[in-house]
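2 protein chains.
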Amino acid sequence: MKVLIIGGAGMIGRKLSERLAKDGELGGRSISELALYDVVPASMPAAAKMPVKVATGDFPAEGEAEKLVAGGAEMIFHLAAIVSGEAEQEFDKGYRINMDGTRRLLEAIRHSGRTKTRLVFASSIAVFGAPFPEAIGDEFFNTPLTSYGTQKNICELLISDYSRKGFLDGISLRLPTICVRPGKPNKAASGFFSNIMREPLAGQEAVLPVSESVMHWHASPRAAVEFMRHAATIDTAKVGPRRALTMPGLAVTVGEQIAALKKVAGDKVAARIRREPDQFIEQIVAGWPRKFAAKRAAELGFKPDQSFEDIIRIHIEDELGGRIG
Amino acid sequence: MKVLIIGGAGMIGRKLSERLAKDGELGGRSISELALYDVVPASMPAAAKMPVKVATGDFPAEGEAEKLVAGGAEMIFHLAAIVSGEAEQEFDKGYRINMDGTRRLLEAIRHSGRTKTRLVFASSIAVFGAPFPEAIGDEFFNTPLTSYGTQKNICELLISDYSRKGFLDGISLRLPTICVRPGKPNKAASGFFSNIMREPLAGQEAVLPVSESVMHWHASPRAAVEFMRHAATIDTAKVGPRRALTMPGLAVTVGEQIAALKKVAGDKVAARIRREPDQFIEQIVAGWPRKFAAKRAAELGFKPDQSFEDIIRIHIEDELGGRIG
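Residue numbers (this note's numbering), protein chains in the order written: chain A, 1 to 325; chain B, 326 to 650.
Calculated directly from the structure, the hints in this document are not laboratory data. Incorrect hints may appear among the rest.
[As the list claims (entries may be wrong)] In silico lysine-lysine, BS3-like type, Cα no more than 27 Å apart, as pairs:
#1 A/Lys238 / A/Lys295
#2 B/Lys490 / A/Lys187
#3 B/Lys628 / B/Lys340
#4 A/Lys67 / B/Lys418
#5 B/Lys347 / B/Lys628
#6 B/Lys418 / A/Lys165
#7 A/Lys116 / B/Lys418
#8 A/Lys165 / B/Lys512
#9 B/Lys490 / B/Lys441
#10 B/Lys512 / B/Lys593
#11 B/Lys392 / A/Lys93
#12 A/Lys93 / B/Lys418
#13 A/Lys295 / B/Lys616
#14 A/Lys116 / A/Lys49
#15 B/Lys587 / B/Lys616
#16 B/Lys616 / B/Lys628
#17 A/Lys15 / A/Lys49
#18 B/Lys392 / B/Lys378
#19 B/Lys490 / A/Lys93
#20 B/Lys441 / A/Lys93
#21 A/Lys262 / A/Lys291
#22 A/Lys291 / B/Lys620
#23 A/Lys2 / A/Lys303
[Unchecked claim] Facing chain B, according to a computed beta carbon distance under 10 Å, are these residues of chain A, among others:
#24 Glu139
#25 Thr150
#26 Pro241
[Stated by the list, open to error] Chain A side only, calculated, beta carbon under 8 Å to chain B, not exhaustive:
#27 Ser147
#28 Leu157
#29 Asp161
Please read these numbers as outputs of a predicted model, since none were measured by experiment. Built from N, CA and C at the ideal position, the CB exists for glycine as well.
With the hints as constraints, model all of the structure from the sequences given.
Below you can see the structure in the form of structure tokens.
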């Protein structure tokens, strides 16, 4: 089985490719080739058990999706996207990549005639818009309040329709916010959820711009990779025509995050968090989903992290070689 | 104020244009020109109080939306669509007209810079897919089970996003099934809901293919025109960012329809309904929404018909000149 990861240079793409390369198989089926595609070259996974191809390109460009599909992958992970903030500022760019690119991919698969192609699409909880109930259920409606969320929602709808028509076999996963996100601090409004864990663990100071009562919905990078792997091999007959699933996560407050950090890494590490309230960020975050009741995904075998302590331990293991700074 | 009706030759388009032509105004603003656009020429409304332009074209074709928007309408009713059955059979055609056409219209308005353009879009309860709760609430999720419903849902999302961005001022109305639909019996699976009223009233026999316990969601053509007029003049600040509204209707069973027909037109007329159960149609109809709790629309001033007897009386007044056959 050939596997293609579109968006293979991104954080999840990289972790997924490393896992697949190491395993050499997915759901008991041997992977004969792993193709990694992105706008910049994906890094080569270490010690891959199969040939790995790295390609770059402009995903939504004319003919690009056809070229990708011509590679013959039976399993496609589509993780490529213009992120939320950029899609909001660059309206045309966001629609071109997040919506038109996906549609072209669906069309290319449809016209390839390979109706059994499994497509796993990274959607987002941005398909939901405030006001929310206490916990957002699986049947709560989608009213995105960003262009990014709109684009993701449209892709979900297209994937359900193309799957229903039998053109392909798709599934959309609405991922929680990934925490602890590795790498450098970034300017995303959601960055602090990871910054206040990652930086103190690395011996650095981090800024907390919101109050400790702010609740948010989290999953570790490892959990996200497991969601992808499970979605790739799940019996979609059990999923039925409603192909978009909210992934299970952990709803924790910033205060609970900090308490978990103290427990795992000690008071000295947690003391590296500096409170610097920022009205602007507090306001943005107030419009985000806080908590879900993701029953369908749980029933279908998708598993959340066990605890926020675990989320921190996963970061220490996977990113810090087990050492706290 | 110039008004444009895209889909002006359709049943609702025709009734809306007649009403606007006769009134000469909308929400207290005088209509200086009424433009009717469709794939076939719209009929000229009688005794119009303003100049009426009739144009035909291929709506989603390159440059067509720009041409339409260049007409300078401040108020656009977009009622054009490939209907459900055809969109299901002709996949590309459905997406081209129902999705791409609408998107091109939105882009043309956006690029015209006329941000106050009010766009009233005819959506559909086909954005919902079974299984349903007893009554479908305003916050129930959209999981269309047809390509038509998918396309309508995508248009709703785009219209909300373009409105939120301030490119235009749009609103999407999910219309109930229109009953009594004038004209000839057609082969649509939903046709019988109207056939069993219209044909007996005109002295003809009609076939009822389902059991009398089947419940469905109805509005008269007159109510639909009122929904359009109200949506055209409503304060969208009150609607907020959730621009798609399920219109209020009447949930009645076929048995209640027949009882109403007896009451309004007598047993002799109702006796013209011939029971001819059709498993195939019964099965299709079982997947359709039956009843809604359309609270938001009601709070925003959209009004359903008073009773099914009224729906029948409206048909007799508007289509039969007050005479029963």
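Given the proposed pairing of B/Lys441 with A/Lys93, does the C-alpha separation stay at or below 27 Å?
Holds. B/Lys441 to A/Lys93 sits at ~24 Å (cutoff 27 Å).
Is B/Lys512 close enough to B/Lys593, meaning Cα to Cα at most 27 Å?
26 Å, holds
Do the numbers back the hint for A/Ser147, that is, is its least Cβ distance to chain B under 8 Å?
OK, holds: A/Ser147 within 8 Å of chain B, min 6 Å.
Pair hint outcome, B/Lys587 versus B/Lys616 [Cα-Cα no greater than 27 Å]
Holds, at about 23 Å.
Given the hinted pair A/Lys291 and B/Lys620, is their Cα-Cα distance within 27 Å?
26 Å, holds
Given the hinted pair B/Lys628 and B/Lys340, is their Cα-Cα distance within 27 Å?
Holds - the C-alpha atoms of B/Lys340 and B/Lys628 are around 17 Å apart, at most 27 Å.
Holds or violated: A/Lys93 and B/Lys418, Cα atoms, limit 27 Å.
26 Å, holds
Hint check: A/Lys67 vs B/Lys418, CA-CA at most 27 Å. Holds or violated?
Given that 27 Å is the threshold and the Cα spacing comes to 25 Å, the pair holds.
Next pair to validate is B/Lys616 with B/Lys628; report whether the Cα-Cα distance is within 27 Å.
16 Å, holds
Below or equal to 27 Å on CA atoms is what counts here, so check A/Lys238 against A/Lys295.
14 Å, holds
For the pair supplied as a hint, B/Lys392 and B/Lys378, confirm whether the alpha-carbon distance does not exceed 27 Å.
14 Å, holds
Restraint satisfaction for A/Thr150 [CB to CB of chain B, less than 10 Å]
4 Å, holds
When the structure is compared with the earlier hints, no violation turns up for any of them.
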